[in-house]
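*Asks:* Sequence:
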Amino acid sequence: MGNEQRFSGRVALVTGAASGIGAAVARRLLAEGARVASFDLHAEAPEEVLGIAGDVSRSADVDAAVARVEEELGRIDVLVCSAGVPGDSLRTVDVVDEEWRRVMGINADGVFYCNRAVLPGMVERGYGRIVNVASIAGKEGNPMAGAYSASKAAVIGMTKAIGKDVARTGVLVNCVAPAVIETPILDGITQQHIDYMVERIPMGRMGEPEEVAALVCWLASEECSFSTGATYDISGGRAVY
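Start counting at 1 in the sequence shown, then tack on 30, and there's your number in my numbering.
Hints in this document: simulated from the structure, not taken from any laboratory.
Positions of the beta carbon are idealized from the N, C-alpha and C atoms, including for glycine.
Any given hint could be a false lead.
For each label pair, taking beta carbons as the anchor points, the in silico distance ranges come out as [as the list claims (entries may be wrong)]:
| no. | residue 1 | residue 2 | range |
| --- | --- | --- | --- |
| 1 | 194 | 89 | 18 to 24 Å |
| 2 | 200 | 128 | 21 to 27 Å |
| 3 | 73 | 194 | 19 to 25 Å |
| 4 | 129 | 154 | 35 to 41 Å |
| 5 | 120 | 49 | 21 to 27 Å |
| 6 | 122 | 198 | 36 to 42 Å |
| 7 | 238 | 34 | 20 to 26 Å |
| 8 | 150 | 235 | 29 to 35 Å |
| 9 | 150 | 124 | 39 to 45 Å |
Using the sequences and the hints, build the whole thing.
*Replies:* Structure follows, in structure tokens:
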């Protein structure tokens, strides 16, 4: 169930909104009254969403996207950083430099660039909500996923730091740490890796993108008013702290 018009008058930018969690978040924000822009490698986006093509691992692309949203939609009240890649399922000794940098560039650098780009406007207006998508792998570490686990730990760490940086400005910064969610990102990893993740979920199933979107949209709303720099688990019982 949505919360009709919860985001009436708000403008949201969602990275990775072409599919998976990002697409589910964009749809829910739209349904609840927001004007929404998407930033992804391709300009494809849900209907009624302003689609902007670019690479989150390139700070110039990020800055240009933020400037375009502010020009066409007026401002950015909400940022949801959902763009990410799983990385190849490899033992640590088999991860080459290029693969390490690719995963860190998209998953960690991209989140930092997006947060940095929207903060000046949010702080100036005295209001903003930022939600970064991390992972349970960033808390526990998954085998065969050294780069991915490290990149998501970086997202958790920067969320805590940025949240504290702007804690008295009206801008709240939080992240979510999902367990395995049934999205196209799974196409890039082995069935063995997927089985490992599902076996550790007490509820015995993958999560759905819409379930994550429900939590993200609460964190992105005015209803979230006394939480910043926090990590919210959505793991079917896997997370133990």
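*Asks:* Does each hint hold? Answer for all of them.
*Replies:* Hint check results:
no. : hint                  : result
1   : 194 x 89: 18 to 24 Å  : holds, 23 Å
2   : 200 x 128: 21 to 27 Å : violated, 41 Å
3   : 73 x 194: 19 to 25 Å  : violated, 35 Å
4   : 129 x 154: 35 to 41 Å : holds, 39 Å
5   : 120 x 49: 21 to 27 Å  : holds, 24 Å
6   : 122 x 198: 36 to 42 Å : holds, 41 Å
7   : 238 x 34: 20 to 26 Å  : holds, 21 Å
8   : 150 x 235: 29 to 35 Å : violated, 42 Å
9   : 150 x 124: 39 to 45 Å : holds, 41 Å
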